[in-house]
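As they're listed, the protein sequences go chains Y and B.
Just so we're aligned, residue 70 is where the first sequence starts under the working numbering, counting upward by one.
Just so we're aligned, residue 1062 is where the second sequence starts under the working numbering, counting upward by one.
The set of hints was computed from the structure by calculation and includes no laboratory data.
Incorrect hints may have been included.
Examples of chain B residues lying across from chain Y (beta carbon under 10 Å, computed) [as the list claims (entries may be wrong)]:
id: 1; residue: Tyr-1086
id: 2; residue: Gln-1099
id: 3; residue: Leu-1105
id: 4; residue: Gln-1106
id: 5; residue: Leu-1107
id: 6; residue: Thr-1112
id: 7; residue: Lys-1119
id: 8; residue: Gly-1123
id: 9; residue: Phe-1124
id: 10; residue: Ser-1134
id: 11; residue: His-1136
id: 12; residue: Glu-1149
id: 13; residue: Phe-1151
id: 14; residue: Ala-1153
id: 15; residue: Phe-1163
id: 16; residue: Gly-1164
From the three backbone atoms N, C-alpha and C, an ideal C-beta is built for every residue, glycine too.
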Amino acid sequence: GAVVSQHPSWVICKSGTSVKIECRSLDFQATTMFWYRQFPKQSLMLMATSNEGSKATYEQGVEKDKFLINHASLTLSTLTVTSAHPEDSSFYICSALQPPQETQYFGPGTRLLVL
Amino acid sequence: AQSVTQLGSHVSVSEGALVLLRCNYSSSVPPYLFWYVQYPNQGLQLLLKYTTGATLVKGINGFEAEFKKSETSFHLTKPSAHMSDAAEYFCAVSDTGNQFYFGTGTSLTVIP
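Based on the sequences and whatever the hints tell you, model everything.
Next comes the structure, spelled out in structure tokens:
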């Protein structure tokens, strides 16, 4: 089966620092990856669509300068939370789109706690 | 625009009883349909999917779902619930492009 990894799984940082989260498709190439945010006991909130070799497409209300996305290769997308603040604390989940049937496979998630 | 509705944010069943989680969707084109399961503090795991062909789809852990176009439904079932099935379940629909729409999730509790 398709496997997507995320690193780190947990991160605690001080307010004002930047945090980078990596999302990798381990056994397939993904031209498209997605980044989601999930609040406790809620559904997924799509933040942005990451396209290999081009700029990410952000959902309305998501600050692109705050959440920097880079999709430099067909197996790696990164999300950088810049100048993190306590309100950015959340569970961040990535997924990768596996062609040809366009199925999303999800990473295990990264829990971010900003102090 | 597409949308997904999961009826019942919380479902409780006894161990060994039938599990039925409901999902209805709206789509202007033939959709791809998915069910995902999420255990606490984990990502989403694909349970099963419908793309084309047979409308009754079997997935992992004994789950299955049936695509009913006339009812615009894709309900998830399992004949006999197990304690390990307790989790959050998400239904999703895609228009075969890059747009996915998720339901709000159903939390399944299994009572011993």
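- [ ] Mind listing which of the numbered hints don't hold for this structure, in increasing order?
- [x] When the structure is compared with the hints, numbers 1, 7, 8, 9, 10 and 11 turn out to be violated.
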